[in-house]
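Participant: Order-wise, the sequence lines are chains A and B. Residue numbering for the first sequence follows numbering that gives the first Met the number 0, beginning at 0 and increasing consecutively. Residue numbering for the second sequence follows numbering that gives the first Met the number 0, beginning at 0 and increasing consecutively.
The hints are all genuine.
Because identical chains share one entry, a pair is satisfied inside a single copy or across any pair of copies.
Derived pair list, reagent style DMTMM-like, types lysine to aspartate or glutamate, alpha-carbon separation capped at 25 Å:
#1 271 <-> 4
#2 246 <-> 137
#3 246 <-> 111
#4 271 <-> 261
The set of hints was computed from the structure by calculation and includes no laboratory data. All values derive from a computational prediction rather than experimental measurement.
So the chains spell out like this:
Number of protein chains: 2
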Amino acid sequence: MRDVDELTTPALLVESAALEANLATMSAALPGARLRPHIKAHKCTALAARQRAAGHAGFTCATVREVEGVVAAGLGEDVLLANEVLDARRLGALVADGARVTLAVDSVPTVEAAVAGGLREVIIDVNVGLPRCGIAPDRAGELARLARSRGLAVRGVMGYEGHLMLQRDAAERERGVAAAMELLLAAHRDVGGEVVSSGGTGTYAINRAATEIQAGSYALMDTAYAALELPFRPALSLLARVISVSKDYAVADCGLKALGMDHGNPQIADAKVWFCSDEHVTFAPEQRLTAGDFVRVEPAHIDPTLAYHERIHLVAGDEVVDSWPIDLRGW
Amino acid sequence: MRDVDELTTPALLVESAALEANLATMSAALPGARLRPHIKAHKCTALAARQRAAGHAGFTCATVREVEGVVAAGLGEDVLLANEVLDARRLGALVADGARVTLAVDSVPTVEAAVAGGLREVIIDVNVGLPRCGIAPDRAGELARLARSRGLAVRGVMGYEGHLMLQRDAAERERGVAAAMELLLAAHRDVGGEVVSSGGTGTYAINRAATEIQAGSYALMDTAYAALELPFRPALSLLARVISVSKDYAVADCGLKALGMDHGNPQIADAKVWFCSDEHVTFAPEQRLTAGDFVRVEPAHIDPTLAYHERIHLVAGDEVVDSWPIDLRGW
Numbered sequence: 000m001r002d003v004d005e006l007t008t009p010a011l012l013v014e015s016a017a018l019e020a021n022l023a024t025m026s027a028a029l030p031g032a033r034l035r036p037h038i039k040a041h042k043c044t045a046l047a048a049r050q051r052a053a054g055h056a057g058f059t060c061a062t063v064r065e066v067e068g069v070v071a072a073g074l075g076e077d078v079l080l081a082n083e084v085l086d087a088r089r090l091g092a093l094v095a096d097g098a099r100v101t102l103a104v105d106s107v108p109t110v111e112a113a114v115a116g117g118l119r120e121v122i123i124d125v126n127v128g129l130p131r132c133g134i135a136p137d138r139a140g141e142l143a144r145l146a147r148s149r150g151l152a153v154r155g156v157m158g159y160e161g162h163l164m165l166q167r168d169a170a171e172r173e174r175g176v177a178a179a180m181e182l183l184l185a186a187h188r189d190v191g192g193e194v195v196s197s198g199g200t201g202t203y204a205i206n207r208a209a210t211e212i213q214a215g216s217y218a219l220m221d222t223a224y225a226a227l228e229l230p231f232r233p234a235l236s237l238l239a240r241v242i243s244v245s246k247d248y249a250v251a252d253c254g255l256k257a258l259g260m261d262h263g264n265p266q267i268a269d270a271k272v273w274f275c276s277d278e279h280v281t282f283a284p285e286q287r288l289t290a291g292d293f294v295r296v297e298p299a300h301i302d303p304t305l306a307y308h309e310r311i312h313l314v315a316g317d318e319v320v321d322s323w324p325i326d327l328r329g330w
Numbered sequence: 000m001r002d003v004d005e006l007t008t009p010a011l012l013v014e015s016a017a018l019e020a021n022l023a024t025m026s027a028a029l030p031g032a033r034l035r036p037h038i039k040a041h042k043c044t045a046l047a048a049r050q051r052a053a054g055h056a057g058f059t060c061a062t063v064r065e066v067e068g069v070v071a072a073g074l075g076e077d078v079l080l081a082n083e084v085l086d087a088r089r090l091g092a093l094v095a096d097g098a099r100v101t102l103a104v105d106s107v108p109t110v111e112a113a114v115a116g117g118l119r120e121v122i123i124d125v126n127v128g129l130p131r132c133g134i135a136p137d138r139a140g141e142l143a144r145l146a147r148s149r150g151l152a153v154r155g156v157m158g159y160e161g162h163l164m165l166q167r168d169a170a171e172r173e174r175g176v177a178a179a180m181e182l183l184l185a186a187h188r189d190v191g192g193e194v195v196s197s198g199g200t201g202t203y204a205i206n207r208a209a210t211e212i213q214a215g216s217y218a219l220m221d222t223a224y225a226a227l228e229l230p231f232r233p234a235l236s237l238l239a240r241v242i243s244v245s246k247d248y249a250v251a252d253c254g255l256k257a258l259g260m261d262h263g264n265p266q267i268a269d270a271k272v273w274f275c276s277d278e279h280v281t282f283a284p285e286q287r288l289t290a291g292d293f294v295r296v297e298p299a300h301i302d303p304t305l306a307y308h309e310r311i312h313l314v315a316g317d318e319v320v321d322s323w324p325i326d327l328r329g330w
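In isolation and in its complexed conformation, chain A is listed as follows (with noise of 0.2 Å):
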């Protein structure tokens, strides 16, 4: 056991009690296969380990990378690569070494790519409204016809409802997933197959169409969907130190290669942050403090904060109970 005061700076924290109460809060509203975890929000094969026991044996991945660390922890029984590839070589071979790995498929050319790979399995991928990958919907059974002449399985659909993810009246996220979900049945009518996969940690609990949710979130959680009243708390912090101290400001050393920066600053508690540089943080905090104290700052996007990272420090209190990697990083 060490004290969070012993950790190289900056290091990033995950409060044990906030991930426990997260992962059990979500595994009792959706059991077992009703939740697909993705292992985007954390890249760490120790915390997918943790929700494997918790009793999901599915994984959404979102890149080649994420997929392999996934299959090498022994986690993959059934893991869903929810992204498009062009070439699935990668992703071919542990199939063949006996993973089960599902790919997204939404054009002519990814079908081809994953026939090329190797792969067997495939989920067509929906365009419900958010403007990044999906095939429209009405044109999702003749894709799913071709994949199956290809000598594919189609293992059914999958709709990333995005753009309603954040959606901060509950009426109007509500209402908006529900037309999603009716394109995203649609498809699945012409597409046939028994996986509807959808959703994330802003609609787990009102999205009614999907037979898997693909929710990740909800284990560290975010600032963003902290303002949506959900059940889950917040868990990651991030520790820096003063390491410099002026008349109107102080100097953290953490900066924009430790933090996710496309939601703006991070926030300290009791103090205004001014900006960030490559490895700094100059806040104006309300208290005076002394170079070598410690700060916890919160990042204001999580998951591109993570990605910086090499590994987050379990803690309780003060007191760092386990450290893990974040091994799934690149690509």
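Position chain B against the provided structure of chain A, taking the given hints into account.
Facilitator: Below, chain B alone, put in the same frame as chain A:
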């Protein structure tokens, strides 16, 4: 030799000819010890070895990990950590093993940390206008006396005029740098020592006070610096692959976990970027693309982009001529 289209995407590309030209231009302007290249701009010891071969034996670092990596790569002849730390023990271990490591100090606690860590040499970090680290100029001499009384050699002063680095008006920039350097030289008169370390890519040609310039970005350049009429060429881009195409937009496989986002969205030639997700960029291309096509993405901010990637690939046109690990990430 591989073709770029055999790389796993997203992949960082460095145009070899542009890098060579940038290294040669800077070494001609600031030969030998006049330049102390800043490692933080690339975090890559293979690139640092090229800078050493161009005649620059001293390096500037922003993190302890960078110092350790530079020393481990055999480049530890004279390494400056131009940043404050409160735990200098890993640096002291390098000094005990024979590396020359000089540490920035700006307060009593940082001097005490240098002593406790086993450092032998420090430099007084002076605030010359950027609200970040650095002691007030009129207190620098007093801190130097403390450091010497504690047994440390004080090599001189450093002061980073970062608030002027991107000033677009050349005359304003020059006036600002002159004023900042007056502060630094006043501190230097009180501190003594041989070294006045300062400057960066935006001011290397106009900072006449510094005995050595801490420039780093010149090697790969950055979109922000590209707006200042500097004689360096943009050398870095991010290769991504189109994975999905819809009527009004296309999607490529690089996103928030592959791009420093604090300066906003990346750019793609002949296209309008709509938004980035964790692993995607959605954009409207002027000409229709096909899934499988490659695009070159220009990150808005290079330093935090590099920190997401495991390697850079040197290319000549579409041919990959070398791949270098970005081996100094993390802390």
